[in-house]
Structures are given as C-alpha cells and as structure tokens.
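Participant: Now for the letters of each chain:
There are 2 protein chains.
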Amino acid sequence: MSVSKEGIEGIVQQAQQAFTVISKLSLAQRIAFMRTVADEIEALGPELITTAQRESHLPEGRLVGEKGRTIFQWRSYADAVERGDSLDISIDTANAERTPPKPDIRKTNVGLGPVTVFGASNFPFAFSTAGGDTAGAFAAGCSVIVKAHPGHPETSQIMADAILRAVEKSGLPQGTFSHVFCETNEEAQLLVSHPLIKAVGFTGSYRGGKALMDVAAARPEPIPVYAEMGSVNPVFILPEKLKASASELAKQYVGSLTLGVGQFCTNPGLAIGVQSPELDEFIETFSAEIKNAVPAPMLHAGIAKAYISNKEKLTSQTGVQVEAIAEAEAAEGFGAPVVATALGVDFLVNDALQEEVFGPFALIIKCKDEAEMLAVTEKLHGQLTATLLATTGDVAANAELVATIQSKCGRIIFNNFPTGVEVCKAMHHGGPFPSSSNAQFTSVGSDSIKRFVRPLSFQNWPDEFLPEELKTSNPLGIWRTVNNELTKAAVS
Amino acid sequence: MSVSKEGIEGIVQQAQQAFTVISKLSLAQRIAFMRTVADEIEALGPELITTAQRESHLPEGRLVGEKGRTIFQWRSYADAVERGDSLDISIDTANAERTPPKPDIRKTNVGLGPVTVFGASNFPFAFSTAGGDTAGAFAAGCSVIVKAHPGHPETSQIMADAILRAVEKSGLPQGTFSHVFCETNEEAQLLVSHPLIKAVGFTGSYRGGKALMDVAAARPEPIPVYAEMGSVNPVFILPEKLKASASELAKQYVGSLTLGVGQFCTNPGLAIGVQSPELDEFIETFSAEIKNAVPAPMLHAGIAKAYISNKEKLTSQTGVQVEAIAEAEAAEGFGAPVVATALGVDFLVNDALQEEVFGPFALIIKCKDEAEMLAVTEKLHGQLTATLLATTGDVAANAELVATIQSKCGRIIFNNFPTGVEVCKAMHHGGPFPSSSNAQFTSVGSDSIKRFVRPLSFQNWPDEFLPEELKTSNPLGIWRTVNNELTKAAVS
Chain H
1 MSVSKEGIEG
11 IVQQAQQAFT
21 VISKLSLAQR
31 IAFMRTVADE
41 IEALGPELIT
51 TAQRESHLPE
61 GRLVGEKGRT
71 IFQWRSYADA
81 VERGDSLDIS
91 IDTANAERTP
101 PKPDIRKTNV
111 GLGPVTVFGA
121 SNFPFAFSTA
131 GGDTAGAFAA
141 GCSVIVKAHP
151 GHPETSQIMA
161 DAILRAVEKS
171 GLPQGTFSHV
181 FCETNEEAQL
191 LVSHPLIKAV
201 GFTGSYRGGK
211 ALMDVAAARP
221 EPIPVYAEMG
231 SVNPVFILPE
241 KLKASASELA
251 KQYVGSLTLG
261 VGQFCTNPGL
271 AIGVQSPELD
281 EFIETFSAEI
291 KNAVPAPMLH
301 AGIAKAYISN
311 KEKLTSQTGV
321 QVEAIAEAEA
331 AEGFGAPVVA
341 TALGVDFLVN
351 DALQEEVFGP
361 FALIIKCKDE
371 AEMLAVTEKL
381 HGQLTATLLA
391 TTGDVAANAE
401 LVATIQSKCG
411 RIIFNNFPTG
421 VEVCKAMHHG
431 GPFPSSSNAQ
441 FTSVGSDSIK
451 RFVRPLSFQN
461 WPDEFLPEEL
471 KTSNPLGIWR
481 TVNNELTKAA
491 VS
Chain W
1 MSVSKEGIEG
11 IVQQAQQAFT
21 VISKLSLAQR
31 IAFMRTVADE
41 IEALGPELIT
51 TAQRESHLPE
61 GRLVGEKGRT
71 IFQWRSYADA
81 VERGDSLDIS
91 IDTANAERTP
101 PKPDIRKTNV
111 GLGPVTVFGA
121 SNFPFAFSTA
131 GGDTAGAFAA
141 GCSVIVKAHP
151 GHPETSQIMA
161 DAILRAVEKS
171 GLPQGTFSHV
181 FCETNEEAQL
191 LVSHPLIKAV
201 GFTGSYRGGK
211 ALMDVAAARP
221 EPIPVYAEMG
231 SVNPVFILPE
241 KLKASASELA
251 KQYVGSLTLG
261 VGQFCTNPGL
271 AIGVQSPELD
281 EFIETFSAEI
291 KNAVPAPMLH
301 AGIAKAYISN
311 KEKLTSQTGV
321 QVEAIAEAEA
331 AEGFGAPVVA
341 TALGVDFLVN
351 DALQEEVFGP
361 FALIIKCKDE
371 AEMLAVTEKL
381 HGQLTATLLA
391 TTGDVAANAE
401 LVATIQSKCG
411 RIIFNNFPTG
421 VEVCKAMHHG
431 GPFPSSSNAQ
441 FTSVGSDSIK
451 RFVRPLSFQN
461 WPDEFLPEEL
471 KTSNPLGIWR
481 TVNNELTKAA
491 VS
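Just so you know, the protein sequences line up as chains H and W, in that order.
Under full-length UniProt numbering, think of the first position of the first sequence as 1, with each following residue one higher.
Under full-length UniProt numbering, think of the first position of the second sequence as 1, with each following residue one higher.
If you are wondering where the hints come from, they were derived from the structure by calculation, not from laboratory data.
Hints are not guaranteed to be accurate.
For identical chains, the list gives no copy identity; a pair is met inside one copy or between any two copies.
With a Cα cut of at most 27 Å, we get these calculated DSSO-like pairs of lysine-lysine [said to hold, decoys possible]: (1) K488 - K471; (2) K408 - K379; (3) K169 - K305; (4) K305 - K102; (5) K251 - K102; (6) K379 - K24; (7) K5 - K379; (8) K210 - K305; (9) K488 - K243.
Since we're looking at a predicted model, the values are computed, not measured.
Work the whole structure out from these sequences, hints included.
Facilitator: Listed below in structure tokens is the structure:
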C-alpha cells in the first residue's frame with residue numbers, strides 16, 4: 001500500500017505495540033518464526049523469479065542463487081540466535097564475603113524497538129523487503145517496517161506476503177511486519193524521524209544514506225542508522241605478482257568487474273599499481289577484455305542513466321584517459337563496460353577520481369613508484385573492501401602499504417575478488433566512513449543481528465523471572481561467559 | 001599544559017602517528033603496557049590521595065577505594081584482551097568444492113584510531129584522566145588524548161604522569177597518550193571535530209554530552225561519541241514488599257541516596273509507589289532519615305551551586321512538596337539532603353519532574369493506583385538503572401510494569417541499590433537516551449573496550465601475515481568461533 005503521513009503514524013504505532021508483544025516471546029518462538037519465513041520464501045513458485053527478472057533485469061540464474069542466499073540468511077541468523085551468539089551472555093556471580101558485597105549480575109541482549117528498513121535495488125531478494133536487514137532485526141527481537149524499493153514493487157510485495165503469512169502462521173500480532181510504499185522523500189523520512197522508531201537499516205547510495213543519518217542525528221533522541229553506502233573497493237596490484245601473471249590477473253579482474261553489470265557495492269572500481277612494462281601489459285589485456293565484454297541491461301533506467309553521467313563526469317577529469325569501451329552496441333538502459341587510467345599525481349590532487357561509478361567501470365591508477373602508491377593509499381576514503389593481488393614476497397616487502405590498506409577498509413582480500421560477499425559469522429561487510437555509516441557493524445552475516453540489540457543487565461534478579469538464557473540452570477544449553485570463563489555448564 | 005588551537009593540531013597529529021605504531025604492537029605488548037600503567041598508579045604515594053581530597057572534597061576512604069577500582073580497571077581490561085574477549089574472533093574456513101568456491105574468512109577487532117576522552121569530576125581517578133574510558137581505548141589499541149577535568153587539575157596531572165612513565169618504560173611513541181587542559185569550549189570541541197579523531201568518551205552532564213554528540217554528527221565524517229550523561233534511576237516500591245518493611249527500605253534508600261553526597265550518575269533520585277498507609281510510613285521514615293542526614297562538601301563550587309538551583313527549580317513545580325531537609329546547617333559548597341513528594345497526576349503532565357538533580361535529592365511519586373504507576377513508568381525517559389523493591393509475588397503480579405521498566409533502562413536491580421557499579425564483564429552501564437548517547441555500549445566493565453574497536457575481516461589471507469589471534473595454530477590459545485563452534489583448538 002502507498003501511505004499518507006497519517007498512515008505512517010498508524011503503522012509506527014502498530015509496530016510499537018507489536019514490539020511489546022514480540023519482545024516477550026521465548027527465543028524458541030522467535031527462531032520458529034524466522035524459520036517459517038524461510039520456509040514461506042522457499043515455497044514461493046516460479047512467479048517470484050519471473051517477476052524479479054522483469055522488474056530488475058537480472059538473469060534467472062543470478063536470481064535463483066539470490067533466493068537461496070536469502071533463505072540461508074533467515075535460517076543462519078535463526079541458528080545464531082539458537083546458539084546464543086547474538087545474545088552474548090555474561091554472568092558474574094555474587095560474593096557476599098567481599099566488602100562491599102558483590103552482587104550477581106547477568107547480561108543479555110534485547111531488541112532496540114521498531115526498526116525501519118530501506119530496501120536496496122541491486123539485491124531484490126537478499127537486501128530488499130525480505131533481506132538481511134529485515135532478518136537481522138527480527139533475529140534481534142524487533143518489529144520491522146520496510147520501505148519498499150520502488151524499482152521492484154511486485155517482487156517486494158510477493159516477499160512481503162510471504163513474511164505476512166509467516167506472521168499469521170506464527171500467531172504474531174499485526175504490526176510485527178509492515179510493508180509500505182512511499183510516494184515522497186518526506187514520507188520516507190518520517191519512518192526515520194518518528195520517535196517510536198529505534199534504528200534504521202539502509203543499503204544504497206551515499207547521498208541517500210547520509211540524508212537518513214542527518215535526519216536521525218537531528219532527532220531529539222538520536223538513533224543509529226546502519227547505512228551501507230558502497231565504495232570503489234581498491235585493488236592493489238603488486239609488482240612480483242604482476243610480473244608473474246599480468247594478463248591472467250586482468251582477465252580475472254574484468255570477470256569480477258562485469259559480473260552483474262558491476263552493480264555490487266563491492267565492485268572493484270579502482271585498481272592501483274606502479275608503472276612498469278607489466279602494468280602496461282595488464283592494462284592492455286584489461287582493455288582487450290573490456291572491448292569484448294557484452295553490455296547488459298542495468299537494474300532500472302535511473303541506474304543506467306546515473307552510470308552514464310557518473311562515468312562521463314569521472315572520465316572528464318584532468319588526466320583521466322579512457323582506455324577501452326565495450327565494442328558491442330549498448331541498447332538504452334544497458335551498461336557498457338569501460339576502463340580508464342590516470343596517473344597517481346592526478347589522483348592525489350583530485351577527490352573526484354575517488355567517486356564511485358556504480359556499474360562496470362574501472363579506473364586504473366598508475367603510480368610512478370612505491371612511495372606514490374603509498375601516498376595514493378593514504379589519500380583513499382573509507383572502503384568496504386580492499387584487495388591485494390600479490391605474492392607473499394610482495395606482502396613482506398610492503399608492510400607499511402599493507403598496514404595503510406588495512407586502516408582504510410572493513411575486509412581485506414588476498415588474490416581473490418571482492419564481489420562475492422559470503423554470508424557467515426566471520427564476514428565483515430561495513431567499512432570506515434563513507435563506505436558505511438558505522439564501521440563497527442556488519443550488514444552481512446549473523447553478526448549483523450548485533451546492530452539491532454542493546455545489552456540489559458539484571459542485578460540480583462530472582463532466577464524464576466530471569467530470561468531463559470540467563471537462568472542458573474542454562475536451560476538453553478548455550479555458551480555463556482560465567483566469571484570470565486566460557487562454559488555451557490549451569491551456574492554453580 | 002594548557003593549549004592553543006595550534007597546539008591541539010600538533011597533539012592530534014602526534015596521536016595519529018602514535019596510533020600507526022601502536023596498532024602494530026603485539027597483543028602481549030599492549031597488555032604489558034596496560035599492566036605497567038596499573039603498576040605505576042599502584043606505586044603512587046599518599047600525595048595522590050591528599051591532592052584528590054583537597055581538590056574534590058571526597059573523603060580519604062572513598063578515594064583509597066577508587067584508586068583500587070582504577071587499578072582493577074586497567075588490569076581487568078588487560079585480562080579481557082589476553083582472553084580474547086575484546087577481539088571476538090570468528091573464522092569460517094574455505095570450501096573449494098562449493099560452487100562458487102567458499103573463501104577462508106577470519107575476523108578480528110582493530111582499534112578505531114585516536115580517541116578523545118573527557119574526564120568526569122565525580123570520579124577523579126576511575127572516570128577521569130586514567131579512568132575507564134582511557135583504559136578501554138588503550139585496550140582497544142587506540143592512542144588517547146585526555147581533556148583534563150578542570151575540577152581536579154593536580155590530581156589529573158599526577159595520573160597523567162603515571163601513564164606517561166608507563167609509555168616511556170614500554171618504549172611506546174610520544175603521542176600514545178596526551179593530556180591537555182582547555183581554556184575554552186571551542187578548544188575542547190576541536191578535540192571532537194578534528195578529522196583524525198575517531199571516537200570520543202565522555203562522562204558528565206546531558207548538556208555537555210549532547211553538545212559533543214552534535215559536534216560529532218556534524219563532521220563530514222561522523223564519529224561515535226560515547227556519552228554517559230546520567231539519569232534519575234527510578235526505584236519502584238511494590239506493595240507487598242512495602243507492607244513487609246517500609247521503614248527498613250526507607251533507611252536503606254537514604255543510605256544509597258546520600259552516599260558520596262549523591263554525586264553518582266546512578267543515584268536513585270526518583271521513587272515511585274502506590275498510595276497506601278505503608279507508603280506514608282515509608283515517606284515518614286525517609287523524611288526522618290533525611291532530617292538526620294549530615295550535609296557534606298560537594299565536588300566543587302559549581303556542582304554545589306547547580307544542586308541548589310536545580311533543586312529549587314524542581315521543588316517549585318506544581319504539586320511538588322518538600323517533605324524534609326537535613327537539619328544540620330549546610331556550609332557554603334555543601335549539599336544538604338532533601339526529599340520531596342508529588343502525585344502521579346502531576347508527574348504525568350510535567351517533564352520537569354524527571355530532571356536530574358545531581359546531589360542528595362529524592363522525589364517520591366505517589367500514584368493513585370497501579371494503572372497510574374504504569375502510566376508514570378511509560379512516561380519515563382531512558383535510564384541507566386531501574387530498581388525494584390519487591391517480593392517475588394510483587395514481580396509475578398506486575399508483569400506488564402516490569403516489562404515496561406526493562407524497556408526504559410540498561411540495568412535492572414532487585415532489592416539492591418544502584419549506586420555501586422560493579423566493574424565486571426556482565427555490567428551494563430549505559431541506558432536508552434538520554435541517560436547515555438548510545439544504549440548499545442557500556443562505559444563500565446571490560447565490554448567497554450568494544451566502544452573503541454571495529455571489525456576487520458581477512459579473506460584468503462596468508463597465515464604468516466595474519467594477526468597472531470587469527471593464525472591457524474591459535475598461538476595465543478584463546479577462544480575463537482570456528483565454523484560457528486567455539487573452540488580453543490587450531491583450525492583444521
């Protein structure tokens with residue numbers, strides 16, 4: 001449904017009422033609900049895929065894979081709650097002999113309250129209506145309002161209906177999950193500024209994410225906005241590796257760059273190397289691969305248009321030279337792969353060369369020596385990922401460069417490409433600003449649940465009234481830190 | 001030293017240079033440094049106590065205890081780093097058979113960068129120059145700049161010198177720790193707005209904390225401000241408990257209220273009960289105890305003045321009635337204990353009755369029935385703590401009230417008082433806004449280290465270049481989550 005301001009007021013009130021109910025559910029009930037959502041998504045017929053194909057122009061194979069990933073997110077986050085990972089239990093027991101007497105203190109994590117999620121366009125399943133932010137917020141014990149992405153409204157509605165069926169089957173209250181289409185930015189911002197909303201998840205552009213951060217910071221009660229805003233994901237090409245396999249690296253790189261028409265927040269849009277005959281060979285092969293790459297339809301007309309204008313803006317900067325453009329004709333709405341180069345000295349004086357061009361575009365920076373490569377690295381903004389194409393000899397010989405790269409990113413990759421973002425506990429998908437609003441939290445993997453919880457300590461609380469995860473007998477059989485020791489044992 | 005704007009620029013630059021060095025230290029070196037700081041503080045002679053007595057008017061016994069607490073903070077946070085608690089290691093191993101191949105991903109926590117700490121006046125040791133924020137930031141691997149509290153400059157300098165001796169003994173670079181006295185708010189704000197500063201710790205008033213939050217949110221790169229701003233810490237007096245021991249509860253309450261002249265952020269400034277003969281008895285005993293309480297000197301003249309004016313502002317509100325004032329004469333700069341009452345109906349319509357009066361002041365809210373008590377609770381702002389004086393029967397009979405109380409606080413206490421804040425892993429000292437800037441983090445206990453770290457994932461990274469805590473052999477012997485299972489074993 002599309003809503004008015006009054007409609008939003010009612011939806012937020014309902015989300016708050018639902019939160020007071022679902023925050024009292026047992027963990028088993030919360031987990032069962034999440035698994036029911038996964039089952040409902042799994043049971044969706046081919047209509048889901050065909051609808052998403054039509055709306056997003058993504059190919060069937062990619063969407064089938066993304067459906068599986070989305071189901072896995074719901075199930076693996078439910079598993080993380082079941083293991084107690086997201087509860088992070090600590091118990092410190094009493095000591096009556098001490099002066100003053102030491103109380104019994106037990107800490108668990110509780111949901112923050114109603115959460116607003118802004119769906120992304122580039123993952124219509126995994127980061128939209130039923131995506132990772134929604135799953136993470138439910139895993140935390142929150143109610144969720146999704147502001148549907150206008151790029152794939154029917155897909156979103158199919159997913160919303162699946163969640164709503166799970167809400168009903170699980171006997172949860174109306175308001176546990178709401179799905180709204182907003183006509184204006186003002187309506188969308190109400191979903192951030194409303195005093196009952198306690199956190200926001202967002203995946204999209206820097207401009208969109210920063211606008212929501214500003215709204216949240218200006219509230220009488222500021223709230224966290226977890227905005228994953230993308231980056232250029234620099235790839236560092238080190239000399240020994242380059243010497244060994246310049247052409248092969250270039251081919252692999254173009255494969256990662258053009259995957260999904262470059263429409264990933266982890267797309268490797270910037271490569272950095274020191275000038276050498278091998279770097280020239282790398283650029284030559286890269287250019288040949290780009291010329292042969294096939295333009296494909298982008299997610300929607302707006303993204304295709306922005307790709308062209310951002311590409312033009314960047315390639316018109318001083319010192320930037322277009323090396324190759326895909327030769328096959330790009331129809332309207334298609335993204336044509338492009339590679340350009342610039343010198344380190346141009347990069348150092350012009351921040352515009354760091355701007356993300358969302359799509360299959362790469363800029364290769366040619367540094368005159370290792371010192372300039374380090375200077376270029378120091379100048380980089382915060383990044384979701386950074387990649388080293390290197391031998392272990394290269395890593396050993398460039399300790400300062402590697403340390404500087406680590407200081408700039410949330411995930412550092414060795415001889416692999418950043419575009420696959422594995423859904424697992426060890427994944428960190430979030431980097432120093434402006435790649436994300438808060439480098440301390442991930443938006444992918446089960447630790448993303450932690451974005452939507454706050455700790456609550458119970459002091460000298462009667463066992464019978466403690467949440468089950470804190471009870472002395474450890475009825476859930478989960479790992480807990482008791483007097484600084486991890487254990488599954490009952491408290492003695 | 002007192003600094004100019006130019007001085008601050010140099011200090012921040014030095015802190016950044018030091019950060020690049022200390023972020024490469026081994027964990028053993030980081031831990032050894034923290035233990036050296038603890039040893040240096042322990043070795044300080046009686047001058048520390050006598051200086052702090054003179055500057056803060058706190059009694060010797062309290063300061064000796066606080067010195068011990070401060071040393072314990074440094075040692076227990078070092079222990080938490082040694083156990084790996086603050087690293088929160090996850091490892092997900094590769095699977096080459098999968099399509100697409102699953103990479104090896106390993107996640108640890110790294111320091112955010114240079115941190116600014118604003119010392120508090122009410123804990124000249126434990127929450128000032130060498131206090132919990134400073135210890136937590138070092139434990140995270142950050143460099144630290146402390147803006148010294150002007151209320152106890154000589155005490156602060158003695159503590160700063162102890163830290164600086166530890167820096168020197170540990171061979172750490174200048175800039176690891178800096179201690180500055182600011183003449184103006186503008187200078188202090190530069191320590192938040194400077195682009196190289198990556199986080200801020202603050203303990204103090206709402207006004208001071210919110211001003212820093214606003215500066216941080218307005219930066220081109222917003223940074224986290226961990227402001228612990230205090231609250232009125234409501235105490236709920238439930239009927240069955242009240243019936244059993246009204247007078248005894250009142251005596252215990254006044255003991256907690258007047259401890260340290262009420263100068264704790266966890267001081268129980270608000271009591272809430274349902275009108276009954278037993279509540280009248282409670283108020284009567286409370287008043288008698290207050291009359292007999294002895295006024296004592298407050299931390300400094302500014303706090304004593306604010307106590308009087310805030311108390312007058314609150315007691316002049318409609319419906320507020322002063323029940324008792326300490327009868328002994330309060331000299332200039334002393335805080336005289338006071339208790340006042342108001343009806344629930346007055347509280348519900350006037351937010352001024354929720355204002356914190358920092359000092360030995362309590363307001364008792366008399367509700368006409370349980371429904372009004374629930375309404376009063378729903379109206380409460382976010383609190384660091386909430387206390388129930390109750391029987392288990394009371395808890396069972398008031399499930400909705402108890403759930404509402406939990407939604408408002410960071411720590412909930414059963415038949416105990418909130419003024420002791422135990423330094424342990426299970427402690428959560430931080431509550432919903434405005435009691436703290438971020439309810440997701442604690443400022444007391446070893447989990448406070450997490451305020452100053454961000455995760456960093458390594459993908460397919462060669463073992464020889466991984467941080468020691470992520471190496472396959474687990475050389476540190478710490479707990480790690482490997483493929484979702486906690487273990488101390490090597491990765492197989």
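Participant: Hint by hint, say whether it matches the structure.
Facilitator: Consistency of the hints with the structure:
1. K488 - K471: both (12 Å within a copy, 26 Å between copies)
2. K408 - K379: Answer is within; shortest intra-copy Cα gap is 10 Å, inter-copy 44 Å.
3. K169 - K305: Neither: 43 Å inside a chain and 60 Å across chains, both beyond 27 Å.
4. K305 - K102: So K305 and K102 fail the 27 Å test inside a copy (64 Å) and across (34 Å) alike.
5. K251 - K102: Close across copies (21 Å), not inside one copy (64 Å); limit 27 Å.
6. K379 - K24: between (49 Å within a copy, 20 Å between copies)
7. K5 - K379: For K5 and K379, only the inter-copy Cα distance (24 Å) is at most 27 Å; the intra-copy one is 43 Å.
8. K210 - K305: within (22 Å within a copy, 42 Å between copies)
9. K488 - K243: neither (52 Å within a copy, 40 Å between copies)
Going down the numbered hints, you'll see the structure goes against 3, 4, 9, while the others check out.
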